[in-house]
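Peer 1: Those protein sequences? They're chains R, Z, A and V, same order as listed.
Quick note on the working numbering: the first sequence kicks off at 124 and runs consecutively.
Quick note on the working numbering: the second sequence kicks off at 33 and runs consecutively.
Quick note on the working numbering: the third sequence kicks off at 42 and runs consecutively.
Quick note on the working numbering: the fourth sequence kicks off at 20 and runs consecutively.
In short, the hints are calculated from the structure, not lab data.
Being a predicted model, the structure only gives us computed values, none of them experimental.
Built from N, CA and C at the ideal position, the CB exists for glycine as well.
Hints may contain errors.
As the list claims (entries may be wrong) - Listed below are several chain V residues computed to face chain A (Cβ distance under 7 Å; list not exhaustive):
id	residue
1	Arg-60
2	Asp-89
3	Val-91
As the list claims (entries may be wrong) - The following residues of chain Z were derived to be distant from chain V, with all beta-carbon distances above 10 Å:
id	residue
4	Leu-172
5	Arg-249
6	Ala-327
7	Glu-333
8	Leu-348
9	Val-360
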Amino acid sequence: MVVAAIALAGCGPLSRAELTRGVETLSAVAAEAQLVARGVASDRTRATYTRVQARTLAEDAAHEAEKLADASVDGEIARQRDQAVALAMRLDDTIGELETFPGSERTGSKVDDDLGAIADDIDKLTQRLTQGP
Amino acid sequence: MKAILRVALGLIAAIGGFVDIGDLVFNTQAGALFGYELLWAVPIGVVGIAVYAEMSGRVAAVTKRPVFDVIRMRMGLSTGLIVLVASLFVNLLTVAAEIGGVAILLQLFFDAPFMLFALVGALGLIVIIWITPFEGIERLFGYLGLILFVFVAAALHEHPDWHAVGGGFVPNGKSSTLYWYFAVGLIAAALMPYEVYFYSSGAVEEGWKPSDLLVNRLNAVIGYGIGGLLSIGLMMASAQLFEPAGVEPDHLGTVPLLAQLPYGETGLVLALLGMLFAIGGAAVDASFAAAYSIAQFAGWEWGKYRRASGAPRFTLAWLLFFALGLAVLMTGIDPLDLTEYSVVLSVVALPLTYVPVLLIARDRTFMGEYANGPVARVLGWVYLVVLCVVAVAAIPLLLATNAGGG
Amino acid sequence: MSANVVTLSHLLELRVEDEDGNSLGRVHDVRVRRVGTRSAAAQAQYEVEGLIVGRRGVLVRLGWRRAYDPAPLSPREVLRWTDVLAIEPDRLIVRRGAFDESGRS
Amino acid sequence: MDERFDLAYRLLDEQIVDVDGRRCGRVDDVELIGAAGEPLRLSGLLTGRGAYAARLPRRLRALGRKLFGDDVRGATVQHVPWSQVDEMGATVRLLGRAIDLGLGREDRGLQRPFGRIPGG
């Protein structure tokens with residue numbers, strides 16, 4: 124009985140709660156990447172650290188994008204799911220710039236701004252998800 | 033004064049054991065998710081591990097018996113064997129996790145493939161252990177691990193609201209399952225028993241006598257006191273810097289940001305170095321703990337003071353644990369997942385090694401006038417209860433929260 | 042009868058019964074006593090004086106032993122070796138009423 | 020040594036140390052000579068992994084023999100005569116050297132290779 128319930132939860136369509144959790148993960152990744160970017164922008168960090176940590180965070184975003192894109196989804200949250208996937212991919216690309224130019228102060232401040240914009244979009248999506256359809 | 037200078041053993045046991053990959057991650061996550069609200073769990077863990085270490089160090093100084101000597105003699109061969117196998121399993125997960133931690137930190141310094149650095153890190157540690165005498169090892173990792181104080185400085189730098197900090201030392205009764213999972217995880221991460229196997233064996237390595245009991249007490253109090261301070265510093269800094277920003281630290285590489293944000297590149301480098309020595313020390317602690325356990329259980333000659341050729345099977349055992357740890361990492365398991373499981377499983381197994389030590393520490397046949405006094409007696413029994421509660425609660429909480437994944 | 046080799050591992054946890062098959066518990070320990078100290082140089086010889094028999098279980102396995110050694114034991118727990126009649130593969134047979142006499146001695 | 024003592028409590032499972040202070044096994048079993056109705060005399064100590072199986076619960080002994088090896092005197096189990104025991108305290112101290120009593124043999128094969136490595 125319990126096993127069956129767990130199996131269903133794993134294979135069934137993506138629930139609103141699961142989607143919300145995925146979006147929250149994106150929000151945390153964006154927040155952390157923003158802290159890293161600010162270090163780059165103000166030249167207060169090390170390039171190797173930035174590169175490795177940015178790569179890890181970009182992988183997190185890509186992983187989340189993949190997970191959400193692969194899940195089957197019911198009609199009512201399909202649109203939000205697609206938005207979440209798009210945001211995750213934007214996040215991956217933006218953090219990727221940090222990985223490519225970990226020593227550039229200009230890239231740092233640009234990425235900081237871009238991540239701020241993404242974070243706003245993530246917040247809006249979260250609000251829509253928690254307020255219901 | 034001389035006694036104060038001899039707290040190196042407590043420092044490596046506490047810093048390279050207490051503040052290991054598990055503590056660095058759990059404390060930072062706890063601060064990021066719950067602010068100051070889990071601070072109370074730190075002193076519970078710290079006092080517990082200090083009580084356990086003090087008793088085992090006292091037993092070792094008086095009777096020359098480290099923990100697995102006591103286990104074999106008190107529990108006999110068959111029960112002792114179960115405890116040995118359980119401890120070695122947890123130890124292996126821990127060694128693997130700590131080597132993984134070293135590899136991640138090297139990666140953050142030099143950016144090269146993880147597996148390469150796991151190999152380099154493990155070989156580097158093996159060479160250091162091989163050429164350095166026991167006292168040298170504990171000083172190297174113990175003293176250099178003190179660089180982690182950069183996190184305490186970071187916590188103070190942000191001008192904490194002391195009223196709120198104080199409130200964190202009272203448990204929050206209304207909170208979620210995840211909150212209690214973290215509470216148990218924090219206590220468990222502090223109570224990793226391999227530190228105590230290492231500590232009590234180290235007391236024999238250093239030839240402690242009953243006249244060294246003051247040194248033992250200072251080691252337990254100062255060593256773990258400092259470990260606790262570092263944990264509190266990490267949690268406070270994380271509560272101040274990560275919680276408001278909405279960061280959920282899921283990587284070891286996130287932790288050094290806590291020092292980078294206030295102190296820039298210098299802070300970052302210090303944090304990485306301190307973590308490298310603390311986690312490297314923990315890898316040494318854990319692999320030695322495994323070798324000590326096997327050798328003491330089987331009665332082999334053991335000890336770094338014997339040199340490799342004087343205690344060959346013991347030497348082979350710690351080398352083997354480095355190799356096995358690497359093999360576990362090669363399977364591709366995330367070191368942080370390993371950490372989580374090793375912490376939770378170790379607390380489940382903890383009462384098994386705690387009970388025999390408590391029993392011999394109070395036994396006047398073996399301890400004479402150095403048997404548990406009133407304070408040790410009360411704390412010893414109180415912590416037996418605490419340990420059992422934590423051990424029983426750990427697994428259901430792990431499952432209920434999907435290993436903290438929410 | 043020629044002298045046999047008996048291992049401690051065989052005696053420990055061995056069931057103890059009297060001639061009528063009444064169970065008296067299991068062997069928990071074997072108490073030895075120094076005998077025939079002819080000279081100080083000679084190695085002290087020890088002989089089994091009695092068996093500590095009882096029904097204590099799990100706690101003993103976890104290391105729960107008496108704090109003083111050798112502890113004064115209740116007569117219900119000590120069995121004189123002279124009362125042992127036979128050592129069998131899976132049990133130890135003792136004289137009827139062995140415990141009561143141990144108590145008196 | 021004490022006037023009387025309990026074998027399992029004070030002797031069994033203790034660390035054996037030779038005259039030079041080298042650890043060389045544990046008291047994995049104790050051997051007694053005699054029989055029911057006669058005196059039963061403490062005759063020696065047994066040490067080595069071959070003695071482990073007999074210490075396990077009955078049902079697990081076959082498995083124990085597979086894991087730790089059979090009881091082969093002189094190979095997997097060494098017999099130490101009681102006359103070799105010097106002192107019983109936190110350890111059981113022997114009068115002779117481990118090498119002369121056949122103890123700690125497994126260590127010897129590794130001694131040379133480790134000794135050749137600098138720092139070993």
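Peer 1: Checking each numbered hint in turn, tell me which of them this model violates, lowest number first.
Peer 2: Numbers 2, 3, 6, 7, 8, in rising order.
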